[in-house]
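Each chain is listed here by its residues.
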Amino acid sequence: MRKNIRKSHLLIALLALLVLTVSIGSAYAYFTTYVEAKGGYTLNLGTVTRTSEEFKNWKKSVTITNDKDSAPVFIRARAYSGSKYPLTYSADEKWTPGADGFYYYSDPVPAEGSTTPLVVTINNVPEKAEPGEEFNVVVIYESTPAKYEESGKAYADWSSIQDNGKMDSVTSEFGGTDSGEADTEDTEGGDA
Amino acid sequence: MKKTNTQKSPALIIGLFLIAILLLLVGTVGYARAALTIRSEEYSSRVEMKDIGVTLVENGTAVASRDYASAQDGSWTGNVEGTLCAGLVPEGEDFEIGRKYDEVLTVRNSGTINEYVRVQIFRYWEDKNGKKQPELDPGLIDLHFTTAGGWLEDPDNNSTTSERNVFYYTSILPAGEETAPLTDTLKINEMIATKVTETTVSKEGKYTVIHTTYDYDGTRFVIEAKVDAVQTHNAADAILSAWGRHVTVDGSGNITSLR
Chain H
0 MRKNIRKSHL LIALLALLVL TVSIGSAYAY FTTYVEAKGG YTLNLGTVTR
50 TSEEFKNWKK SVTITNDKDS APVFIRARAY SGSKYPLTYS ADEKWTPGAD
100 GFYYYSDPVP AEGSTTPLVV TINNVPEKAE PGEEFNVVVI YESTPAKYEE
150 SGKAYADWSS IQDNGKMDSV TSEFGGTDSG EADTEDTEGG DA
Chain D
0 MKKTNTQKSP ALIIGLFLIA ILLLLVGTVG YARAALTIRS EEYSSRVEMK
50 DIGVTLVENG TAVASRDYAS AQDGSWTGNV EGTLCAGLVP EGEDFEIGRK
100 YDEVLTVRNS GTINEYVRVQ IFRYWEDKNG KKQPELDPGL IDLHFTTAGG
150 WLEDPDNNST TSERNVFYYT SILPAGEETA PLTDTLKINE MIATKVTETT
200 VSKEGKYTVI HTTYDYDGTR FVIEAKVDAV QTHNAADAIL SAWGRHVTVD
250 GSGNITSLR
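For the protein sequence lines, the chains are H and D, in the order given. At position 2 of the first sequence (counting the first as 1) the number is 1 in numbering that gives the first Met the number 0, and the numbers step up by one without a gap. At position 185 of the second sequence (counting the first as 1) the number is 184 in numbering that gives the first Met the number 0, and the numbers step up by one without a gap.
Calculated from the structure, these hints are not laboratory results. In this text, a Cβ means the ideal position worked out from N, Cα and C, and glycines have one as well. Treat the hints loosely; a few may be bogus.
[Stated by the list, open to error] The list that follows gives simulated cross-link-like pairs (lysine to any residue, SDA-like), each with its CA atoms no further than 20 Å apart:
{"#": "1", "chain 1": "H", "residue 1": "37", "chain 2": "D", "residue 2": "120"}
{"#": "2", "chain 1": "D", "residue 1": "49", "chain 2": "D", "residue 2": "240"}
{"#": "3", "chain 1": "H", "residue 1": "152", "chain 2": "D", "residue 2": "161"}
{"#": "4", "chain 1": "H", "residue 1": "146", "chain 2": "H", "residue 2": "133"}
{"#": "5", "chain 1": "H", "residue 1": "37", "chain 2": "D", "residue 2": "49"}
{"#": "6", "chain 1": "H", "residue 1": "37", "chain 2": "D", "residue 2": "194"}
{"#": "7", "chain 1": "D", "residue 1": "194", "chain 2": "D", "residue 2": "139"}
{"#": "8", "chain 1": "H", "residue 1": "37", "chain 2": "D", "residue 2": "141"}
{"#": "9", "chain 1": "H", "residue 1": "6", "chain 2": "D", "residue 2": "225"}
{"#": "10", "chain 1": "H", "residue 1": "146", "chain 2": "D", "residue 2": "120"}
{"#": "11", "chain 1": "H", "residue 1": "67", "chain 2": "D", "residue 2": "162"}
{"#": "12", "chain 1": "H", "residue 1": "152", "chain 2": "D", "residue 2": "99"}
{"#": "13", "chain 1": "H", "residue 1": "37", "chain 2": "D", "residue 2": "240"}
{"#": "14", "chain 1": "D", "residue 1": "194", "chain 2": "H", "residue 2": "87"}
{"#": "15", "chain 1": "H", "residue 1": "37", "chain 2": "D", "residue 2": "162"}
{"#": "16", "chain 1": "D", "residue 1": "225", "chain 2": "D", "residue 2": "127"}
{"#": "17", "chain 1": "D", "residue 1": "99", "chain 2": "H", "residue 2": "154"}
{"#": "18", "chain 1": "D", "residue 1": "194", "chain 2": "H", "residue 2": "147"}
{"#": "19", "chain 1": "H", "residue 1": "37", "chain 2": "D", "residue 2": "61"}
{"#": "20", "chain 1": "D", "residue 1": "186", "chain 2": "D", "residue 2": "149"}
{"#": "21", "chain 1": "H", "residue 1": "152", "chain 2": "D", "residue 2": "90"}
{"#": "22", "chain 1": "H", "residue 1": "58", "chain 2": "H", "residue 2": "87"}
[Unchecked claim] Derived contacts from chain D toward chain H, CB cut-off under 8 Å, selection only:
{"#": "23", "residue": "79"}
{"#": "24", "residue": "80"}
{"#": "25", "residue": "89"}
{"#": "26", "residue": "133"}
{"#": "27", "residue": "134"}
{"#": "28", "residue": "137"}
{"#": "29", "residue": "188"}
{"#": "30", "residue": "190"}
{"#": "31", "residue": "222"}
{"#": "32", "residue": "225"}
{"#": "33", "residue": "245"}
[As the list claims (entries may be wrong)] Simulated DEER-style distance windows between Cβ atoms:
{"#": "34", "chain 1": "D", "residue 1": "91", "chain 2": "H", "residue 2": "86", "range": "48 to 54 Å"}
{"#": "35", "chain 1": "H", "residue 1": "112", "chain 2": "D", "residue 2": "217", "range": "43 to 49 Å"}
{"#": "36", "chain 1": "H", "residue 1": "5", "chain 2": "D", "residue 2": "239", "range": "16 to 22 Å"}
{"#": "37", "chain 1": "D", "residue 1": "58", "chain 2": "H", "residue 2": "105", "range": "50 to 56 Å"}
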């Protein structure tokens, strides 16, 4: 008898399993599928710019370079000197004078890119100066990261200058060793 | 006594057996009915009609797909995980902050049965090690949604956050067809250039140097899209089962409400 009861229980269990299997099968009968994708870009907002100057025949040739991994920047520059030695500028069409005395470089300078030279000529330099007489020419350049209109056109927002390479770029002394001779100076500007 | 018990046991077993057979039959009939409902319209035309498939399309190019292939041993084909934004910026150019780039995302039914689709969009920032930066604002990743084409944004506040948006295509997406665009442009808001952590001014010899640290410098914006598709037959139950959402479907198969 015990054997029969055991058999019947086994049979019931098997049948219940079959019923459950059928039910589970219908619950998962929906067809589904999926896909996914992702991506993006790394943004570089910081900038490091450097100036390179060459001084020869009372002319300073200034070139500004944007470092590797820097964001594209717009550049402007100007120079100061005493009224005794007025300055004149010469450059290609990419440099244009602004009403504020700065010269503006028209194109954004990309990472590892450079401006064309901005040449500053120092005028009224006496052929023979008194020993110890000196003058200063101060070159200032500023950069701001390029911003873009929705169309992709780049523009400069000079209200948010982030890189200011203000510097006393030249101190020349008459009678010194560098008067009117070649002189190159590299200067690192601001870094963000 | 023993005789009585021996006689009752087979009766009980037979009774239970009959009940089980009845349950099995009911279950089988239900399943058969469901199968007939699924195949009732197109069963006679093509055997492949039961193949579901979906493809995510970015700017006209398929970037990820997963299609059931009953003709080939019932396996899945396609590249389930794809890459977005790969062709956004032309070779040799930098990504320009503030510029609007084309980012048209659509979904194609690459299977052989009609389906409903939904898309989950995630936007967030990562550091250079790929770690998510929840403190940076996903809202500055301006992915423009175009829901006018038949997409319905999930009204549940728990589903929509600044990082996540969920959209349901309210119409049936027929086999071989493509949805209207869900997005059309992508722009990184130029405001990120004003998010400055620290600015220091220092003197280095004759020079004044300004150091500015930007919150978003060196970070990576990420857009992630997850597409789900489900069969149209027994739509409400199928969607509830697959996506956990209660929907109302009208006579044309359009989803009219979602909760």
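How the hints compare with the structure:
no., hint, verdict
1, H:37 with D:120, "10 Å, holds"
2, D:49 with D:240, "18 Å, holds"
3, H:152 with D:161, "29 Å, violated"
4, H:146 with H:133, "42 Å, violated"
5, H:37 with D:49, "29 Å, violated"
6, H:37 with D:194, "25 Å, violated"
7, D:194 with D:139, "11 Å, holds"
8, H:37 with D:141, "15 Å, holds"
9, H:6 with D:225, "52 Å, violated"
10, H:146 with D:120, "27 Å, violated"
11, H:67 with D:162, "32 Å, violated"
12, H:152 with D:99, "10 Å, holds"
13, H:37 with D:240, "26 Å, violated"
14, D:194 with H:87, "39 Å, violated"
15, H:37 with D:162, "14 Å, holds"
16, D:225 with D:127, "23 Å, violated"
17, D:99 with H:154, "15 Å, holds"
18, D:194 with H:147, "17 Å, holds"
19, H:37 with D:61, "13 Å, holds"
20, D:186 with D:149, "23 Å, violated"
21, H:152 with D:90, "18 Å, holds"
22, H:58 with H:87, "9 Å, holds"
23, 79, "6 Å, holds"
24, 80, "6 Å, holds"
25, 89, "11 Å, violated"
26, 133, "16 Å, violated"
27, 134, "16 Å, violated"
28, 137, "12 Å, violated"
29, 188, "11 Å, violated"
30, 190, "10 Å, violated"
31, 222, "6 Å, holds"
32, 225, "4 Å, holds"
33, 245, "15 Å, violated"
34, D:91 with H:86: 48 to 54 Å, "38 Å, violated"
35, H:112 with D:217: 43 to 49 Å, "20 Å, violated"
36, H:5 with D:239: 16 to 22 Å, "42 Å, violated"
37, D:58 with H:105: 50 to 56 Å, "32 Å, violated"
When the structure is compared with the earlier hints, violations turn up for hints 3, 4, 5, 6, 9, 10, 11, 13, 14, 16, 20, 25, 26, 27, 28, 29, 30, 33, 34, 35, 36, 37 and for no others.
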